[in-house]
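J.: Chains A and B, in that order, are what the protein sequence lines are.
Counted the way the numbering used here counts, the first sequence spans residues 1 to 217.
Counted the way the numbering used here counts, the second sequence spans residues 218 to 603.
For the record, the hints were derived by calculation from the structure and aren't laboratory data.
Computed from a predicted model, the values in this text were never measured in an experiment.
Be aware that a few hints might be false.
Stated by the list, open to error - A few chain A residues that face chain B, going by a derived Cβ cut-off under 10 Å, partial list only:
#1 Gln67
#2 Pro68
#3 Leu98
#4 Ala110
Virtual Cβ for every residue (Gly too), placed ideally from N, Cα, C.
So the chains spell out like this:
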Amino acid sequence: MIRLENVSKHFRKGRGLVRALDGVSFEVPRGALALLHGPSGSGKTTAINIAAGLTLPTAGSITVAGQPLQALSPRARAKLRSRDLAVVFQMFHLVPYLTTLENVLLPTLASSGQDTETRARKLLDELGLSERVGHYPSELSAGERQRCALARALLNRPGIILADEPTGNLDEDSAHIVLDMLEQNRREGATILLVSHQPVERVHPDVEFHLKAGKLL
Amino acid sequence: MLNRLTLTRLIVREMQRSKVNTLLCLIVVTLAAGVFVAMMDINMASVDSTRVMMKNMGFNVLVTPQGVDPARYQALDFQDVDMPEEYTARLSNNALILAQHFVGKYQKTIDLDGHKVVLTGVLAEVPRAGTEKTPMPTAYTVPQGQVFLGAAAARAMGKTAGDKITILGRTFDVGRVLDEIGAMPEDIRIYAHLHDVQELLGRPGRINAVDALACQCPASAKDIVALVKKSINDILPDVNVQPYQSILLARHQQRVLMHRLELAALAIVILGSASAVWGLTSQNVTNRRHEIGVLRALGVADRKIYGLFVGKIFVYGLLGAALGCWLGRIFSGWLSVATTSPVVAPLSVLVYVVIVTPLACIVFGLPPIVSRLMQEPGDILGEGTT
Numbered sequence: 001m002i003r004l005e006n007v008s009k010h011f012r013k014g015r016g017l018v019r020a021l022d023g024v025s026f027e028v029p030r031g032a033l034a035l036l037h038g039p040s041g042s043g044k045t046t047a048i049n050i051a052a053g054l055t056l057p058t059a060g061s062i063t064v065a066g067q068p069l070q071a072l073s074p075r076a077r078a079k080l081r082s083r084d085l086a087v088v089f090q091m092f093h094l095v096p097y098l099t100t101l102e103n104v105l106l107p108t109l110a111s112s113g114q115d116t117e118t119r120a121r122k123l124l125d126e127l128g129l130s131e132r133v134g135h136y137p138s139e140l141s142a143g144e145r146q147r148c149a150l151a152r153a154l155l156n157r158p159g160i161i162l163a164d165e166p167t168g169n170l171d172e173d174s175a176h177i178v179l180d181m182l183e184q185n186r187r188e189g190a191t192i193l194l195v196s197h198q199p200v201e202r203v204h205p206d207v208e209f210h211l212k213a214g215k216l217l
Numbered sequence: 218m219l220n221r222l223t224l225t226r227l228i229v230r231e232m233q234r235s236k237v238n239t240l241l242c243l244i245v246v247t248l249a250a251g252v253f254v255a256m257m258d259i260n261m262a263s264v265d266s267t268r269v270m271m272k273n274m275g276f277n278v279l280v281t282p283q284g285v286d287p288a289r290y291q292a293l294d295f296q297d298v299d300m301p302e303e304y305t306a307r308l309s310n311n312a313l314i315l316a317q318h319f320v321g322k323y324q325k326t327i328d329l330d331g332h333k334v335v336l337t338g339v340l341a342e343v344p345r346a347g348t349e350k351t352p353m354p355t356a357y358t359v360p361q362g363q364v365f366l367g368a369a370a371a372r373a374m375g376k377t378a379g380d381k382i383t384i385l386g387r388t389f390d391v392g393r394v395l396d397e398i399g400a401m402p403e404d405i406r407i408y409a410h411l412h413d414v415q416e417l418l419g420r421p422g423r424i425n426a427v428d429a430l431a432c433q434c435p436a437s438a439k440d441i442v443a444l445v446k447k448s449i450n451d452i453l454p455d456v457n458v459q460p461y462q463s464i465l466l467a468r469h470q471q472r473v474l475m476h477r478l479e480l481a482a483l484a485i486v487i488l489g490s491a492s493a494v495w496g497l498t499s500q501n502v503t504n505r506r507h508e509i510g511v512l513r514a515l516g517v518a519d520r521k522i523y524g525l526f527v528g529k530i531f532v533y534g535l536l537g538a539a540l541g542c543w544l545g546r547i548f549s550g551w552l553s554v555a556t557t558s559p560v561v562a563p564l565s566v567l568v569y570v571v572i573v574t575p576l577a578c579i580v581f582g583l584p585p586i587v588s589r590l591m592q593e594p595g596d597i598l599g600e601g602t603t
């Protein structure tokens with residue numbers, strides 16, 4: 001479950017004050033797929049970062065997997081992310097000097113597991129990247145990079161998946177593969193918050209939220 | 218089976234990828250460590266060369282009994298004042314004294330077959346307690362029953378090695394004729410065993426001078442002449458101490474100069490390499506900011522992320538130190554050609570360089586890492602785009 005209550009995030013940019021989020025409240029029930037959409041600059045990425053504990057809100061409270069994030073230390077938030085939560089970024093953020101397989105195994109730096117390579121290879125196979133395990137990010141297409149990033153996010157079987165415009169830079173086929181994989185995880189019980197600036201036809205969200213200029217409509 | 222990524226694997230892979238950054242870091246550290254070792258070598262070479270030169274110039278401190286008139290002494294009138302022979306041992310046995318290489322002697326100007334010579338009785342040179350010194354080139358160990366003749370005295374008397382010579386009624390074998398020095402009274406000396414001379418002059422157990430070589434004065438010492446005098450008079454209050462200032466000061470000033478040059482060079486090396494390591498680490502951390510953000514988003518502990526960067530710095534710090542030591546050794550080999558004895562920085566210096574260099578690199582490289590890790594991961598991953 002993800003719950004934001006009256007969350008605001010303001011920061012200074014130059015001389016002005018940017019209200020990235022302004023009193024936003026919403027809840028994504030456990031096992032649900034929520035779609036958060038809105039135009040560019042509406043505060044979607046900020047909402048994802050706050051929900052992931054990557055940044056703290058200026059005001060309001062946030063509860064993820066039953067834990068109030070503001071009350072947790074940075075170390076405890078990191079532990080929560082390594083155990084229960086995964087983030088998929090629009091810009092992929094793959095580590096350029098690691099191969100596809102190594103990138104997928106990156107979460108093992110935070111938490112160990114058994115047969116993780118087998119799991120990583122299986123995920124890459126399901127995402128159509130079995131032929132690309134030894135390739136570096138610079139040798140992959142945008143769609144392949146996003147699928148690699150998705151495999152990395154799913155390696156530890158997270159209970160919560162936060163996906164920030166995961167199909168924003170992809171062609172239609174690649175977008176379908178990514179969205180199908182998210183759907184599959186929803187069916188397996190994951191809670192998913194999917195952010196998009198455009199309608200997503202392939203998924204059937206349980207709840208939808210619309211952000212505009214940092215406010216929920 | 219690759220079930221777990223390790224920091225070591227990431228460090229090695231990153232170094233393989235960012236070759237230019239790694240190579241520049243390695244070059245900077247190698248040069249810094251190399252220059253440090255080279256400076257040690259230069260200092261050693263300089264000190265060693267000066268030491269040998271000074272040694273060849275002879276003793277630079279003269280200890281005489283109280284009451285001796287220095288002016289008459291210089292005119293080879295040694296006066297009939299003497300002191301106990303054991304004074305030499307008392308000086309050499311004191312580890313705090315700022316001198317070394319002691320030779321006790323009894324000397325008297327005599328007329329020999331119409332020639333004025335300086336009869337000089339000497340014992341073997343005694344090094345300062347706890348040291349092993351090679352004897353001074355101007356110190357002689359003369360066997361009893363023999364004499365060594367100064368070049369001018371031998372020429373005047375027409376003597377060569379193997380001849381007999383009678384001095385004050387006793388006959389001696391001429392063991393050696395010494396090389397011409399070109400300075401008085403050295404070339405008109407007749408060296409004999411101290412006990413032979415004491416017997417000839419009827420002064421057993423007595424000497425009238427101790428030659429010594431000063432000093433190991435601290436580089437910061439202001440008045441080293443006074444310092445040397447005091448260190449000897451503290452042990453023997455009833456003697457005159459006459460340092461030959463020009464020789465003494467030349468050696469001291471050379472030591473001070475080298476010490477200051479070394480400090481200045483080290484300051485430049487440390488500041489230069491610190492700036493370079495800082496800059497290169499800063500560049501590396503900035504280039505990898507998204508990697509830092511992703512690792513934190515994945516829940517990787519900060520200490521491991523620090524380890525990723527610090528580990529890299531440690532690797533090139535250690536490699537650079539080892540390469541620097543190797544370069545320094547090559548340099549010292551080249552330098553040794555111009556010095557009297559081989560100049561090699563001692564092993565302790567190399568160990569010091571290998572231990573301190575990686576630690577110094579970590580200290581210099583840490584600020585940019587800390588600064589980047591203090592940022593919220595959301596900021597790093599581009600929160601401002603909303």
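J.: Which of the numbered hints above does this structure break?
T.: 1 and 2
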